[in-house]
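Participant: These are the residues of each chain, in order.
There are 2 protein chains.
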Amino acid sequence: MKYKFANHVSNMNISAIREIFKVLGKPGMISFAGGAPAPEVLPLDIINKLNSIIIEKYGTTVLQYNVTEGFVPLRQALSNYLNTTRGFDLSANEVFVSTGAQNAIDAVSRLFIDVGDKIIVESPTFLASIKTFRVSSPAILSVSVDEEGINLIELETLLKQNKIKFLYTIPNFQNPSGYTMSLDRRQQLVELAKRYELLIIEDDPYYELRYYGSNLPTLRSLLPDQVIYIGSLSKIFAPGMRLGYYIAPDQIAEKITSVRQGIDVHANIYAQALASEYISGGYLETQLQLIRNLYRVRLELMLSELNQKLSNKEIKISQPLGGMFVWLSNISQDTVELYNQAIKQNVAFVPGKYFFVNESPNNHSLRLNFTNVNEENIIKGIDILSKILK
Amino acid sequence: MKYKFANHVSNMNISAIREIFKVLGKPGMISFAGGAPAPEVLPLDIINKLNSIIIEKYGTTVLQYNVTEGFVPLRQALSNYLNTTRGFDLSANEVFVSTGAQNAIDAVSRLFIDVGDKIIVESPTFLASIKTFRVSSPAILSVSVDEEGINLIELETLLKQNKIKFLYTIPNFQNPSGYTMSLDRRQQLVELAKRYELLIIEDDPYYELRYYGSNLPTLRSLLPDQVIYIGSLSKIFAPGMRLGYYIAPDQIAEKITSVRQGIDVHANIYAQALASEYISGGYLETQLQLIRNLYRVRLELMLSELNQKLSNKEIKISQPLGGMFVWLSNISQDTVELYNQAIKQNVAFVPGKYFFVNESPNNHSLRLNFTNVNEENIIKGIDILSKILK
Chain P
91 MKYKFANHVS NMNISAIREI FKVLGKPGMI SFAGGAPAPE VLPLDIINKL
141 NSIIIEKYGT TVLQYNVTEG FVPLRQALSN YLNTTRGFDL SANEVFVSTG
191 AQNAIDAVSR LFIDVGDKII VESPTFLASI KTFRVSSPAI LSVSVDEEGI
241 NLIELETLLK QNKIKFLYTI PNFQNPSGYT MSLDRRQQLV ELAKRYELLI
291 IEDDPYYELR YYGSNLPTLR SLLPDQVIYI GSLSKIFAPG MRLGYYIAPD
341 QIAEKITSVR QGIDVHANIY AQALASEYIS GGYLETQLQL IRNLYRVRLE
391 LMLSELNQKL SNKEIKISQP LGGMFVWLSN ISQDTVELYN QAIKQNVAFV
441 PGKYFFVNES PNNHSLRLNF TNVNEENIIK GIDILSKILK
Chain A
91 MKYKFANHVS NMNISAIREI FKVLGKPGMI SFAGGAPAPE VLPLDIINKL
141 NSIIIEKYGT TVLQYNVTEG FVPLRQALSN YLNTTRGFDL SANEVFVSTG
191 AQNAIDAVSR LFIDVGDKII VESPTFLASI KTFRVSSPAI LSVSVDEEGI
241 NLIELETLLK QNKIKFLYTI PNFQNPSGYT MSLDRRQQLV ELAKRYELLI
291 IEDDPYYELR YYGSNLPTLR SLLPDQVIYI GSLSKIFAPG MRLGYYIAPD
341 QIAEKITSVR QGIDVHANIY AQALASEYIS GGYLETQLQL IRNLYRVRLE
391 LMLSELNQKL SNKEIKISQP LGGMFVWLSN ISQDTVELYN QAIKQNVAFV
441 PGKYFFVNES PNNHSLRLNF TNVNEENIIK GIDILSKILK
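Here the protein sequences line up with chains P and A, keeping their order.
Sequential numbering from 91 applies to the first sequence in the working numbering.
Sequential numbering from 91 applies to the second sequence in the working numbering.
Chain P on its own, in the form it takes in the complex (with noise of 0.2 angstroms):
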């Protein structure tokens, strides 16, 4: 039988990145192409001290279903910590869990986005969130990021010229720039934003994993109205759980809900008890510690490396303050090539194309994850890599 699916399943791109990601269980592999925490950091022993509290504490809630905006002692857990680190100033019920942040991002989609209905990316952006607005079949249109954040002359020639659904944005060490968007430029954003009833999707999943300097405000601080703020617990808690967390003005998250009682239904409980009891316990506190002091040293290695075993070259080497990703561009060969060359050498990273929304994708950049390859194969992976980098 010939299945007929929907219009926009012609236009997903099932084998690409997938064949990319199969490699990496080679043995022997550097893969600088994931986006997954050190094992080291993952609080497997914490998890193993607070299953007991919580079925102690909670009983057989945890199993049971519950309601979708969220399980109350995590609401608790996290407006209290979001208040104190972001300065914000939430109540519980002003928090809402989600199935990781990327359901999040999915139903904010499908709450705006009918067919054809533009929204602006920034241009590279994180493949996977290109692939949840590809899902509602949005005319996605982009404007170039550099290291101060977003182009805002790009972007008001886009707002002039369109009815835009939504701007989604990484501002801090986004991915896979590791760029940051300086307090200037996120003043001069809410600005536009506030003039063109522009409506905004802050995705912060990284907000923790600053190693240097202090944090700038969130958007959703400095225009509250016109922001829905996605955070993650993947990064500072364990990816495996899928949590992530969602605010949003007060008319969209009532609304957030209803489409994701379709969706998902609401966040496993049982993950949210823990993940309540590791905020509210705080152990995320200690093991933010562990975790930046570990990523520090990495990505200070990886630059350092690549630095100097480049510096003869054109290549633009990026300088994140923190988060995941070190992104190189300018690269005169292709990056796909490249990427065949390397993986040969039992090296992997992700070509830059993948995180291109436009039909001439830049296919002379890459992205390299530093926090989950020990400092061994930094150093050997770099090695490999600026050899075959002409």
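Take these hints with a grain of salt, some might be off.
Where chains are identical, the list cannot tell them apart; a pair therefore holds if satisfied intra-copy or between any two copies.
Unchecked claim - When the alpha-carbon atoms are kept at most 25 angstroms apart in a straight line, the in silico BS3-like pairs for lysine-lysine are as follows:
#, residue 1, residue 2
1, 403, 443
2, 470, 406
3, 147, 116
4, 112, 94
5, 92, 116
6, 208, 434
7, 403, 92
8, 406, 94
9, 92, 208
10, 406, 443
11, 284, 94
Hint data in this document are derived by calculation from the structure and do not stem from the laboratory.
Dock chain A against the given chain P, drawing on the hints supplied.
Facilitator: The following block gives chain A in isolation, referenced to the frame of chain P:
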């Protein structure tokens, strides 16, 4: 600022059903409204034991990202289990784990439905599935069900006149009616499906909850190329864990995976590890005895109370052989008004209208859950209900 939501949002019925569920928390309320397992048969002690087993066995893998298709040990456990119980002949890589059955229903909707595409559901049908479908904006047609299952004459009329993307059916102990599709009806449905190239979504969350007689062949076993089979661990493990599974023709399964990479990435890995031990370690089998014994007693009690107390009324009482619900129809009163009377006396149920998709829904039916109400309250609640039923 005025937010510009997608078109389908104006059709979202946010308040109605939520208002009903809000009153359920009221102290002293006897609620026949839910669809949750009894807390007595949620495997809290077993999970308390399995926690250390999976941490020992799998280490940080249970906290890390994994593939969308599912955690391999759970896919193995499920394929063995389904082969034994359903007579399937599956390898582990033909079973896929979803974030609850709802996530699978949603992914299938998004894979097949373009705005305005026609799908067919049973009338009445599961209200949360209606909600899921509506997010993808199909035209939803419906076909009545009786004690033998879906009405095939109505179905064929629709198939003759319309292009249909899929039929959604719950053949066993249907939610809300409790009806089970007969073998004869299953075989005829399969013949129709072949003739009209109809894709079938077989939602089978209650397969294990049979209290009398033997299970009938699944539609999937009769027509594997045209059936997407969706199962749930919510009734036999724990709904708070948000785990379901699906089996589909290869070409479809591959595309569901791709859609899910933009929706949920993958189901909670920690929960999948627990479920794999729960099934392969033989705990499920023991637990199912407890579950069936408890629910059978409650079903028998509810039916005998209803049959006795409503004996001289015209009301039709469904006589399910399994599942979680009894359906009352042919009620002379409007059941929304009846609901308002009932909650004043601390008894709740779901008025029938929420289970219909057509414009003039049936207001003369209601759904009663029997799994999550203890014996004393079943007697008390049915007594109160029978007095306000004319």
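Participant: For every hint, state whether the structure bears it out.
Facilitator: Hint check results:
1. In this homomeric assembly, residue 403 and residue 443 come within 25 angstroms of each other (Cα to Cα) only inside a single copy, at 21 angstroms, whereas the closest approach across copies is 70 angstroms.
2. When the C-alpha separation of residue 470 and residue 406 is checked against a cutoff of 25 angstroms, the pair qualifies only within one copy, where the shortest distance is 20 angstroms, while the shortest distance between copies is 75 angstroms.
3. Taking the closest pair of Cα atoms, residue 147 and residue 116 come within 25 angstroms of each other only across two copies (22 angstroms); inside a single copy the shortest separation is 43 angstroms, beyond that limit.
4. In this assembly of identical chains, residue 112 and residue 94 lie within 25 angstroms of each other by CA distance neither inside one copy nor across copies; the values are 28 angstroms within and 40 angstroms between.
5. In the homo-oligomer, the alpha carbons of residue 92 and residue 116 never lie at most 25 angstroms apart, since the shortest distance is 36 angstroms inside one protomer and 52 angstroms across protomers.
6. In the homo-oligomer, the alpha carbons of residue 208 and residue 434 never lie at most 25 angstroms apart, since the shortest distance is 41 angstroms inside one protomer and 49 angstroms across protomers.
7. Taking the closest pair of Cα atoms, residue 403 and residue 92 never come within 25 angstroms of each other, the shortest separation being 52 angstroms inside a single copy and 50 angstroms across copies.
8. Taking the closest pair of Cα atoms, residue 406 and residue 94 never come within 25 angstroms of each other, the shortest separation being 46 angstroms inside a single copy and 40 angstroms across copies.
9. Within a single copy, residue 92 and residue 208 get their C-alpha atoms only as close as 32 angstroms, which misses the 25 angstroms cut-off; across copies the closest is 17 angstroms, which meets it.
10. In this homomeric assembly, residue 406 and residue 443 come within 25 angstroms of each other (Cα to Cα) only inside a single copy, at 16 angstroms, whereas the closest approach across copies is 62 angstroms.
11. For the homomeric pair residue 284 and residue 94, the shortest alpha-carbon distance between copies (15 angstroms) is at most 25 angstroms, but the shortest distance inside one copy (43 angstroms) is not.
Checked against the numbered hints given earlier, this structure breaks hints 4, 5, 6, 7 and 8; the rest are met.
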